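There are 6 protein chains.
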Amino acid sequence: MFVCSEFMVDNLTVKLVLPEVKQAQSLFNLVVHDRKKLARFLPWAQEMKTVQDEVDFIKIMRQQNAVYQTLALVVLVDGQAAGMVDVHNISLKNECGEIGYWLGQAYQGRGIMTNAVRAVIKLAFDELGLHRLNLLADHRNQPSRAIAERLNFTHVALLRDEVKYHGKFCDMDLYTMINE
Amino acid sequence: MFVCSEFMVDNLTVKLVLPEVKQAQSLFNLVVHDRKKLARFLPWAQEMKTVQDEVDFIKIMRQQNAVYQTLALVVLVDGQAAGMVDVHNISLKNECGEIGYWLGQAYQGRGIMTNAVRAVIKLAFDELGLHRLNLLADHRNQPSRAIAERLNFTHVALLRDEVKYHGKFCDMDLYTMINE
Amino acid sequence: MFVCSEFMVDNLTVKLVLPEVKQAQSLFNLVVHDRKKLARFLPWAQEMKTVQDEVDFIKIMRQQNAVYQTLALVVLVDGQAAGMVDVHNISLKNECGEIGYWLGQAYQGRGIMTNAVRAVIKLAFDELGLHRLNLLADHRNQPSRAIAERLNFTHVALLRDEVKYHGKFCDMDLYTMINE
Amino acid sequence: MFVCSEFMVDNLTVKLVLPEVKQAQSLFNLVVHDRKKLARFLPWAQEMKTVQDEVDFIKIMRQQNAVYQTLALVVLVDGQAAGMVDVHNISLKNECGEIGYWLGQAYQGRGIMTNAVRAVIKLAFDELGLHRLNLLADHRNQPSRAIAERLNFTHVALLRDEVKYHGKFCDMDLYTMINE
Amino acid sequence: MFVCSEFMVDNLTVKLVLPEVKQAQSLFNLVVHDRKKLARFLPWAQEMKTVQDEVDFIKIMRQQNAVYQTLALVVLVDGQAAGMVDVHNISLKNECGEIGYWLGQAYQGRGIMTNAVRAVIKLAFDELGLHRLNLLADHRNQPSRAIAERLNFTHVALLRDEVKYHGKFCDMDLYTMINE
Amino acid sequence: MFVCSEFMVDNLTVKLVLPEVKQAQSLFNLVVHDRKKLARFLPWAQEMKTVQDEVDFIKIMRQQNAVYQTLALVVLVDGQAAGMVDVHNISLKNECGEIGYWLGQAYQGRGIMTNAVRAVIKLAFDELGLHRLNLLADHRNQPSRAIAERLNFTHVALLRDEVKYHGKFCDMDLYTMINE
Numbered sequence: 024m025f026v027c028s029e030f031m032v033d034n035l036t037v038k039l040v041l042p043e044v045k046q047a048q049s050l051f052n053l054v055v056h057d058r059k060k061l062a063r064f065l066p067w068a069q070e071m072k073t074v075q076d077e078v079d080f081i082k083i084m085r086q087q088n089a090v091y092q093t094l095a096l097v098v099l100v101d102g103q104a105a106g107m108v109d110v111h112n113i114s115l116k117n118e119c120g121e122i123g124y125w126l127g128q129a130y131q132g133r134g135i136m137t138n139a140v141r142a143v144i145k146l147a148f149d150e151l152g153l154h155r156l157n158l159l160a161d162h163r164n165q166p167s168r169a170i171a172e173r174l175n176f177t178h179v180a181l182l183r184d185e186v187k188y189h190g191k192f193c194d195m196d197l198y199t200m201i202n203e
Numbered sequence: 024m025f026v027c028s029e030f031m032v033d034n035l036t037v038k039l040v041l042p043e044v045k046q047a048q049s050l051f052n053l054v055v056h057d058r059k060k061l062a063r064f065l066p067w068a069q070e071m072k073t074v075q076d077e078v079d080f081i082k083i084m085r086q087q088n089a090v091y092q093t094l095a096l097v098v099l100v101d102g103q104a105a106g107m108v109d110v111h112n113i114s115l116k117n118e119c120g121e122i123g124y125w126l127g128q129a130y131q132g133r134g135i136m137t138n139a140v141r142a143v144i145k146l147a148f149d150e151l152g153l154h155r156l157n158l159l160a161d162h163r164n165q166p167s168r169a170i171a172e173r174l175n176f177t178h179v180a181l182l183r184d185e186v187k188y189h190g191k192f193c194d195m196d197l198y199t200m201i202n203e
Numbered sequence: 024m025f026v027c028s029e030f031m032v033d034n035l036t037v038k039l040v041l042p043e044v045k046q047a048q049s050l051f052n053l054v055v056h057d058r059k060k061l062a063r064f065l066p067w068a069q070e071m072k073t074v075q076d077e078v079d080f081i082k083i084m085r086q087q088n089a090v091y092q093t094l095a096l097v098v099l100v101d102g103q104a105a106g107m108v109d110v111h112n113i114s115l116k117n118e119c120g121e122i123g124y125w126l127g128q129a130y131q132g133r134g135i136m137t138n139a140v141r142a143v144i145k146l147a148f149d150e151l152g153l154h155r156l157n158l159l160a161d162h163r164n165q166p167s168r169a170i171a172e173r174l175n176f177t178h179v180a181l182l183r184d185e186v187k188y189h190g191k192f193c194d195m196d197l198y199t200m201i202n203e
Numbered sequence: 024m025f026v027c028s029e030f031m032v033d034n035l036t037v038k039l040v041l042p043e044v045k046q047a048q049s050l051f052n053l054v055v056h057d058r059k060k061l062a063r064f065l066p067w068a069q070e071m072k073t074v075q076d077e078v079d080f081i082k083i084m085r086q087q088n089a090v091y092q093t094l095a096l097v098v099l100v101d102g103q104a105a106g107m108v109d110v111h112n113i114s115l116k117n118e119c120g121e122i123g124y125w126l127g128q129a130y131q132g133r134g135i136m137t138n139a140v141r142a143v144i145k146l147a148f149d150e151l152g153l154h155r156l157n158l159l160a161d162h163r164n165q166p167s168r169a170i171a172e173r174l175n176f177t178h179v180a181l182l183r184d185e186v187k188y189h190g191k192f193c194d195m196d197l198y199t200m201i202n203e
Numbered sequence: 024m025f026v027c028s029e030f031m032v033d034n035l036t037v038k039l040v041l042p043e044v045k046q047a048q049s050l051f052n053l054v055v056h057d058r059k060k061l062a063r064f065l066p067w068a069q070e071m072k073t074v075q076d077e078v079d080f081i082k083i084m085r086q087q088n089a090v091y092q093t094l095a096l097v098v099l100v101d102g103q104a105a106g107m108v109d110v111h112n113i114s115l116k117n118e119c120g121e122i123g124y125w126l127g128q129a130y131q132g133r134g135i136m137t138n139a140v141r142a143v144i145k146l147a148f149d150e151l152g153l154h155r156l157n158l159l160a161d162h163r164n165q166p167s168r169a170i171a172e173r174l175n176f177t178h179v180a181l182l183r184d185e186v187k188y189h190g191k192f193c194d195m196d197l198y199t200m201i202n203e
Numbered sequence: 024m025f026v027c028s029e030f031m032v033d034n035l036t037v038k039l040v041l042p043e044v045k046q047a048q049s050l051f052n053l054v055v056h057d058r059k060k061l062a063r064f065l066p067w068a069q070e071m072k073t074v075q076d077e078v079d080f081i082k083i084m085r086q087q088n089a090v091y092q093t094l095a096l097v098v099l100v101d102g103q104a105a106g107m108v109d110v111h112n113i114s115l116k117n118e119c120g121e122i123g124y125w126l127g128q129a130y131q132g133r134g135i136m137t138n139a140v141r142a143v144i145k146l147a148f149d150e151l152g153l154h155r156l157n158l159l160a161d162h163r164n165q166p167s168r169a170i171a172e173r174l175n176f177t178h179v180a181l182l183r184d185e186v187k188y189h190g191k192f193c194d195m196d197l198y199t200m201i202n203e
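Residue numbers (our numbering), protein chains in the order written: chain D, 24 to 203; chain A, 24 to 203; chain W, 24 to 203; chain E, 24 to 203; chain U, 24 to 203; chain G, 24 to 203.
One chain only, chain D, in its complex shape (with noise of 0.2 Å):
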């Protein structure tokens, strides 16, 4: 296990750690759980169908993490696979990147990705020398954007029609951290 992030979080042991072919189960496991909450703003949770394709996702992920194209992470609590957390779209040109994360809703509310983030975003500017991190949010996902906002990210803008997913065009907050 590759762990690049360890914290305490409300008695609990939050780890960071490299995807692994081998989490594929539980990760898979929290997406069927959770699958109509989490699809209604992320709309690869309705596409993951089998476990196959957290395997094949994780594989894709594993790859693009060696080219420094993404730095995807899983966020173990107390061990077990909660979530993931990672910064996409990376630019080496421009030295920026795109946060992402997602939470198992038995996990949520506890601040758990909240701190997850801020060491990710660490992370990012100190290890892989970032400048800016952007952070796209559904306007109408509340609990993303208080995440966002806690940490203190910039609004920027609200972009029309950003994204189309389940058919709509949906507007998404743009919120940057510029490293200063």
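It should be emphasised that the hints constitute simulated quantities derived from the structure, not laboratory data. Where hints are given, some of them may not hold.
You can't tell identical chains apart in this list, so a pair holds if it fits in one copy or across any two.
Restricting the straight-line Cα-Cα distance to at most 25 Å, the calculated cross-link-like pairs of lysine-lysine (BS3-like) are [stated by the list, open to error]:
{"hint": "1", "residue 1": "145", "residue 2": "60"}
{"hint": "2", "residue 1": "45", "residue 2": "116"}
{"hint": "3", "residue 1": "82", "residue 2": "191"}
{"hint": "4", "residue 1": "187", "residue 2": "45"}
{"hint": "5", "residue 1": "187", "residue 2": "72"}
{"hint": "6", "residue 1": "38", "residue 2": "191"}
{"hint": "7", "residue 1": "145", "residue 2": "59"}
{"hint": "8", "residue 1": "145", "residue 2": "72"}
{"hint": "9", "residue 1": "187", "residue 2": "38"}
{"hint": "10", "residue 1": "38", "residue 2": "116"}
{"hint": "11", "residue 1": "116", "residue 2": "72"}
{"hint": "12", "residue 1": "187", "residue 2": "145"}
Since we're looking at a predicted model, the values are computed, not measured.
Dock chains A, W, E, U and G against the given chain D, drawing on the hints supplied.
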């Protein structure tokens, strides 16, 4: 020659055509002639060192056009290559893309590019079926921002440190047009 | 829509355009309607089973066009897809290629294809810079041979057992036109 | 050493063998020695500049042999590499291919190549299952045409400006043999 | 047919030849007939379900032969495909490879394979220029070990749990022959 | 930084971490400093000519780690890159792999590598699920063999002329550890 749009501006015949390898020399001549002005906000102009670089670029554009990843067009003014206009970063999933353009100094100031971009917007909405077009202009690039404003793009945000070139982070104005 | 040639025949407007994925349905409809007649001398018509096959074919043509391996064009008659005409097997080294074509039954007998091939010959010689064009027609395919003869191609040879389709070897007439 | 045919000519033992990388040096020596004569009608002889070029060519031939795209053979005379003979442009669909050959000057005039081509025709018909073999010879290449005629190939046509080399278009005689 | 070795054993003519796609049916028939015996120590025999699997295998062998990664040969006995013998895992850097073989039941017990392996060793040392050949035999596979011993391979070690098949780890005897 | 093992040796903190491109310079410095000693038994040390070679090597290791082909780790001693340890040639089918390692001169003689290899064995058995690990050491490489023996690897055989480097065949001692 594959023409997708043709119009008159200021007594000049303007055609938007598919890039052809045999246009490489005249496009390269334009870049050489205006390199300093172009490169201020378009760092690729610095890297375009030989005609072969232009040939390679045209070949890549042709292949991206073929798969609807880009709609890259050469602007011909009275039969002479005068610049390029394109929709790049096309996402068929989110039905969006991003407008780009440059025009040789000798052709500027006559409304050629404003009309070329107008024609490309029409192609992008009517033929490619896109729903939204972004346009990013360096905050200090007054002529480029003027085109966006003249065409009634909506100014969405000033994006701080969005790109890095010539060793410095630069702010970009983000404009959007939605096909309503 | 990318137009490379436009002319009037018999009060009809004929355009030769770059193949687009969205033309797949109407081209496929033509093939389905005329399948039996087309397939007699064009065995691919037998294999074109679904619209997706036509989509895949168009994608391949677009990529071959992009690298100047083929010049494949859709024939539009009053805006309707009516057939295709192409130069395939292009050799830039030997400056030659081979003409191919097919037209829906409903459009035949009015000189449309003869004029379309004439336009393609002009494009091949003037824009692609080719020196010689071959044209192969099944010896029993009278209408196809008539086009070659009407356009003053030189009959070079009857090639015995040149191709095999429908389980039989077939003789082909070889015609050539040199750009002198 | 993989031998596919062996026969005696004029008290010499001739073997047709699979090309091996270790034959590169002796084949290259032949090309260097006869370059001027060979290159008159075989422009590749001009481009074969180093032993590594010959090594690369042999590697390509081995891979084309492996997939039945070509049947390329080295002609050994009393154990010495003396030239090559091949069937290239093999079409399993149309059951045809095209014969090619060259022989070092020192080995010419004794019927070696005529017999080698005869052996290859037999292999092509009996083992590859081809139905038709073409043979193209430059109209001015009397020795090459003599082989075709000696083996009773049918002269099909004189193909005007069929290929371009040394900056000029050249006429080729097309011969065919059908396995009846 | 490409022959690289030919010899008599017990009044039978044995040829070692390049694998050809058209041998797939007869090789497959052998595997089907002897599947149970073969599969005990050669787990691939279990996976060879259709003639197409054999065709695919032959195509891979032909491509590995082409690049000197493997020297895979079909054993013909009086013209009938009787088995295969090969040098695989060839390392040109370390000048070594590993011998493999299998023979149909009906052909066993007459010294055919012992002589075929002897011929392959000679080819590997003299033509491929290898310095060392390994041979691995399942410890329980008496006939295979007998071939190694009859040919004076040196027994190097019993490798515990070297491979896993049929769900169990199996011990392998490692034999080596060095070209001194 | 991704840490998969951490321990104290001789008052030093040792961490086994995922290779990162930014470690290239310090690893390269180690190789340059110890090149002569390293290259005696590790011929790659001779080929590592520039920092870019080390960067390329790290990129390959990252990609092999991503697909579980290798488990390559950098050894950090008090935060300084001191060497590498790995499991390579991983076979998931046969559940085995091969241990490799090197350590800068300045760090040798304190048990760092013995403990690092012990940690990697544990990772290989417990996390990768391997069943057997091989370890090959040049017969003359006393320090390397000492590590194998200290960790209770079983000596299986002396492999004659197993590898070739510096133009000579070298004997290797083969050690194995099975997870029982």
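Okay, the hints, checked on the actual structure:
1. For a Cα distance limit of 25 Å, the shortest separation of residue 145 from residue 60 qualifies neither inside one copy, at 29 Å, nor across copies, at 38 Å.
2. Proximity of residue 45 to residue 116 under the C-alpha cut-off of 25 Å is restricted to the inter-copy arrangement: shortest distance 16 Å between copies versus 34 Å within a copy.
3. In the homo-oligomer, the alpha carbons of residue 82 and residue 191 never lie at most 25 Å apart, since the shortest distance is 30 Å inside one protomer and 28 Å across protomers.
4. For the homomeric pair residue 187 and residue 45, the shortest alpha-carbon distance between copies (21 Å) is at most 25 Å, but the shortest distance inside one copy (32 Å) is not.
5. Taking the shortest alpha-carbon separations for residue 187 and residue 72, only the intra-copy value of 21 Å comes in at or below 25 Å, while the best inter-copy value is 32 Å.
6. In this assembly of identical chains, residue 38 and residue 191 lie within 25 Å of each other by CA distance neither inside one copy nor across copies; the values are 36 Å within and 36 Å between.
7. Taking identical chains as interchangeable, the C-alpha atoms of residue 145 and residue 59 are never at most 25 Å apart, the minima being 32 Å within one chain and 38 Å between chains.
8. With identical chains, the CA atoms of residue 145 and residue 72 are never at most 25 Å apart, being 33 Å at best within one copy and 34 Å at best between copies.
9. For a Cα distance limit of 25 Å, the shortest separation of residue 187 from residue 38 qualifies neither inside one copy, at 33 Å, nor across copies, at 33 Å.
10. For a Cα distance limit of 25 Å, the shortest separation of residue 38 from residue 116 qualifies neither inside one copy, at 30 Å, nor across copies, at 31 Å.
11. Proximity of residue 116 and residue 72 under a CA criterion of 25 Å is satisfied inter-copy only: 20 Å between copies versus 36 Å inside one chain copy.
12. With identical chains, the CA atoms of residue 187 and residue 145 are at most 25 Å apart between copies only, with a shortest distance of 21 Å across copies and 31 Å within one.
In this structure, the hints that do not hold are numbers 1, 3, 6, 7, 8, 9 and 10, in rising order.
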